[in-house]
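Enquirer: Chain residues, written in single-letter form:
There are 2 protein chains.
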Amino acid sequence: MSNYKLIVEYEGTNYHGFQIQKGGIITIQGCLEEAIAQIAKKQVKIIGGGRTDAGVHALSQVVNFRSNLTVPVEKLPTALNSLLPKDIRVKTASLVHDDFHSRYDAATKTYLYLIEYGLVESVFKRNYCWWLKKLPVWDNMLTAGKYLEGTQDFAAFTASGSSVKSTVRTISSFDLEVLGNAAKLRFTADGFLYYMVRNMVGTLVEIGLGRRDVDSIKRILKSKDRTQAGVTAPARGLFLEKIQY
Amino acid sequence: MSNYKLIVEYEGTNYHGFQIQKGGIITIQGCLEEAIAQIAKKQVKIIGGGRTDAGVHALSQVVNFRSNLTVPVEKLPTALNSLLPKDIRVKTASLVHDDFHSRYDAATKTYLYLIEYGLVESVFKRNYCWWLKKLPVWDNMLTAGKYLEGTQDFAAFTASGSSVKSTVRTISSFDLEVLGNAAKLRFTADGFLYYMVRNMVGTLVEIGLGRRDVDSIKRILKSKDRTQAGVTAPARGLFLEKIQY
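The listed protein sequences correspond, in order, to chains A and B. Everything in the first sequence is counted per the working numbering, starting at 1 for the first residue and increasing by one. Everything in the second sequence is counted per the working numbering, starting at 1001 for the first residue and increasing by one.
Source of the hints: derived by calculation from the structure; they are not laboratory data. There's no promise every hint is true.
Using 25 Å as the maximum straight-line C-alpha spacing, the simulated DMTMM-like pairs for lysine to aspartate or glutamate come out as follows [unchecked claim]:
hint: 1; chain 1: B; residue 1: Lys1125; chain 2: A; residue 2: Asp53
hint: 2; chain 1: A; residue 1: Lys91; chain 2: B; residue 2: Glu1116
hint: 3; chain 1: B; residue 1: Lys1133; chain 2: B; residue 2: Glu1149
hint: 4; chain 1: A; residue 1: Lys242; chain 2: B; residue 2: Glu1241
hint: 5; chain 1: B; residue 1: Lys1086; chain 2: A; residue 2: Glu121
hint: 6; chain 1: B; residue 1: Lys1184; chain 2: A; residue 2: Glu116
hint: 7; chain 1: A; residue 1: Lys125; chain 2: B; residue 2: Asp1190
Please read these numbers as outputs of a predicted model, since none were measured by experiment.
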């Protein structure tokens, strides 16, 4: 059996997240497995590098699966794309060593979050950013976001009730790039807790809009209490940008 | 009765064009008239500055209509946007002099066409550009496009069977801007014939891909024969960018 690795781009708007679910719910994983099964002529289970939630997009999701396909690997993107819906595209396919595991082997992941400001929401960006009607102070968001860097307990920023062994993660870098009326927030970490990026972004936006002071982020981290942090930013602005191995 | 002018942005993907049609077909005009009627408490007929076809977008469509609304004009965008689908947005509303007519008063219109090149189509741009798998020679397209400028008979570039008095139009400017793997084509004219922009773009792309020589555009113009020109470029790459009065 060969181990195949795919780099996949998708718009999450019309999907209930990456991970397959019971009950005929449409997911990215489900669509990919169905397309691969048509080529493999049997059911194939894929492993996703990062689990994205409903409405969240990916620029370079990494998946791997074991199979023996008659289609040459260089023809696989075209073959799969002809079977996949237009909002999921396989960008590249390659053969990797047998023990490559797209999730366990991931060293760090980078998530991007787009925010845009304007009086009227752009129809062309409505599924790809969080639209704000008030201009936030980007500089304050950048300063506050820098406090998130490092190895810390992010319990305050994960969805309450989620069960993980440890809520300690290492954010190796945060940055905020301003482009006209928009800003790109970028987080790289060894891993992210459930809703962690969206809860951090929601809190940073409240800081940007002056509803919280810049230093509040330190108190929130220390509290380890979800109710101390801000709102959960909408899924539509979030992109899994890259997984580093 | 006051004369209201709206600047409207829309994504045309899910609409059968701007102009209202019989038989419950969804159109931009239909949606706008329905929203305005809810505020005016009666049917209102709107006039569109440019009629866009099914799947064609607008960055700044101009419409006007006569009514006496109790909603102050500065509140009108917010009021209408709360009633409109998310892919149609009223950007501004203003009161204009009584004889302003968004179509008859238009001096020139500018259309934008987006083309992108790459091995795999981007999911995020799939509704907003013509995706080419071969890289065209942009320079040849620019040179050929320049021959379209001026006052000429564009019969060869209009849909066969369309009935207009004259097929002479004046293209005051054409330009092509390259941005990485993409190009923005921009046409400004006193008016455009049915399918004219898309037929010109289709022909220019065939020139860019080397299927026709650069000078062929002159022979096509002279022929006044639709069968001499190239394919009709897909609707999804076309945007009504601006109407000048």
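Enquirer: Please go over all the hints and tell whether each is borne out by the structure.
Expert: Tested hints:
Taken as a hint, the Lys1125 of chain B and Asp53 of chain A pair is honoured in the structure, with Cα atoms around 21 Å apart against an allowance of 25 Å. Proximity of Lys91 of chain A to Glu1116 of chain B is assessed by CA-CA distance (about 16 Å); at most 25 Å being required, the pair is judged to hold. A distance of roughly 28 Å separates the Cα atoms of Lys1133 of chain B and Glu1149 of chain B; the hinted pair therefore is violated under the 25 Å criterion. Restraint check for Lys242 of chain A and Glu1241 of chain B: not satisfied, since their Cα atoms lie roughly 34 Å apart, outside the 25 Å limit.
Restraint check for Lys1086 of chain B and Glu121 of chain A: satisfied, since their Cα atoms lie roughly 9 Å apart, inside the 25 Å limit. The suggested pairing of Lys1184 of chain B with Glu116 of chain A holds, with an alpha-carbon distance near 23 Å, which does not exceed 25 Å. Taken as a hint, the Lys125 of chain A and Asp1190 of chain B pair is broken in the structure, with Cα atoms around 30 Å apart against an allowance of 25 Å.
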